[in-house]
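Student: Spelled out, the chains give:
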Amino acid sequence: MITIQNISKSFDDNLVLDEVSTVFEAGKTNLIIGRSGSGKTVLLKSIVGLHEVDQGDIFYDDRNFTKMNHKLRKKLRQEMGMVFQGGALFDSFSVEENVRFPLDMFTNKTLKEKQNRVDFCLDRVNIEKAHKLYPAEISGGMQKRVAIARAIVMNPKYLFCDEPNSGLDPETSLVIDELVHELTVDFNMTTVINTHDMNSVMEIGDRILFISEGVKTWEGTKEEILHVQNKKLQEFVFANKTYRQIRDLKIEKER
Amino acid sequence: MNLFFHVGRYFSLLSRAFSRPEKHRIYFRKLFIEVEQLGLDSVGIVAIISIFMGGIITLQVAYNMSSPLFPSYLIGLGNRDTLILEFSSTIMALIMAGKIGSNITSEIGSMRVTEQIDSLEIMGINSASYLILPKTLAVVFIFPFLFVLSVFFGLIGGLIVGPSVGAVTAPDYINGIQYLFTPYYVTFSMIKTLFFGFLVATVPAYFGYYVDGGAFEVGAASTRAVVNTNILILVFDLVLTQLLF
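Those protein sequences? They're chains A and B, same order as listed. Heads up: the first sequence at position 34 corresponds to 34 in this note's numbering, and the numbers run straight through without jumps. Heads up: the second sequence at position 42 corresponds to 42 in this note's numbering, and the numbers run straight through without jumps.
Careful, some of the hints might be misleading.
[Stated by the list, open to error] Simulated restraints on C-beta separations: (1) A/Asp-18 - B/Ala-215: 30 to 38 angstroms; (2) A/Phe-11 - B/Asp-41: 37 to 45 angstroms; (3) B/Arg-16 - A/Asp-186: 46 to 54 angstroms; (4) A/Gly-140 - B/Glu-217: 17 to 25 angstroms.
Keep in mind that the hints were calculated from the coordinates and are not lab data. Glycine residues also receive a C-beta, built at the ideal position from the N, C-alpha and C atoms.
Next up, chain A with everything else stripped away, as it sits in the complex:
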């Protein structure tokens, strides 16, 4: 579980996050949604410590991340996995070298043990026959899946995904969503996904946090989101005609 309490972040005079508080629960896919430029990426990067917050606290279970020294943070980060928007695979490493890299750096396992773990993780994300290929030689969807494999190779307690569906076709997006959701449940991870894809929200959003102009505007479940009264969230969720029709049908059915 990750608890954030009143975190604020500004760049120069521009306030990007304004006293945001929430709880991301273990074993659930927690989504941060919002328009482009709403501050959701800054929120995600603040949670993982890539941005230092100006105020507030971030707790990983009972451990206060914001008060930790560099050494303790490094140790805690070994419990984190992150999937970046573009995959962020190392260009000079093959697929299996990318996945093996955290094991090489932080474990004393034998080569065979490491290879077994790499094979397991790549198998888990349905990557076959691409172990020796380089990131430039595989598709965007495969790169995302390899990035997920790399993120889970150390058995993380916390998984973060920054817009995992960006640049992917709807079918591949669905595969990625389902994969992340399955992994979250199977390994009881606290997963935080940053997205503006409503399909992801409706498919895998166990808990949803809506950010608008750096302020937490709403939070709830995917079932609740169709009945929201908040104008900004309504504009965001029902920007798509299909979702407007779903909402109308649901309301009609309930009558």
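For this one, chain A is given, so just place chain B on it according to the hints.
Tutor: Just chain B now, kept in the frame of chain A:
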């Protein structure tokens, strides 16, 4: 103020880069790869430039000393000392700043803009140390070898060009390059190459590490890195020459 900001941030980055590596074995393996990529791959260009440089210096010395008062073996001596004192150390460092420096900036800068550096940090890896330390050690290690190679090929260049255009006979040239040899000149230039190697690795690494933006900014950072490294090499050349002589 801007200068102080960059100097402060540069030393702060260096302190992170030279902290204890996470796993020595991985860094050691990376060091060998960097020696090959940054050093051994530069041998060809060093040889070509040095041969031409040696040939041109030999011609210049010959044309400017075309007096019966000067023995022709001084042409070889002039070429040797010019190569050892300045060309094979300073000029070669300036050229390497362009080749190796821009390579380092664009590699690290690309990793920054594609979030690969953030990815390292999230894994709990000291990205500054992982990326910069092996490159710096590799360049500092390889630079003295490149210097020796440059002197060797420069002397060969003089030996090819001088006699072939009739500026000096081969025996006179060979006699000249052995005449009044001062070993301290080599020591002096070796010390310089260590400093230059450090600059050629760390200054471009700094510009790459703090790139903000996309491909255009990576290109701009590479240019800034090469320009600043060149200026610093010349400043250090001046200071070290004053201090060591």
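Student: Each hint needs a verdict: does it hold in this structure or not?
Tutor: Here is what the structure says about each hint:
no., hint, result
1, A/Asp-18 - B/Ala-215: 30 to 38 angstroms, "33 angstroms, holds"
2, A/Phe-11 - B/Asp-41: 37 to 45 angstroms, "40 angstroms, holds"
3, B/Arg-16 - A/Asp-186: 46 to 54 angstroms, "37 angstroms, violated"
4, A/Gly-140 - B/Glu-217: 17 to 25 angstroms, "23 angstroms, holds"
Hint violations for this structure: number 3 only, all remaining hints satisfied.
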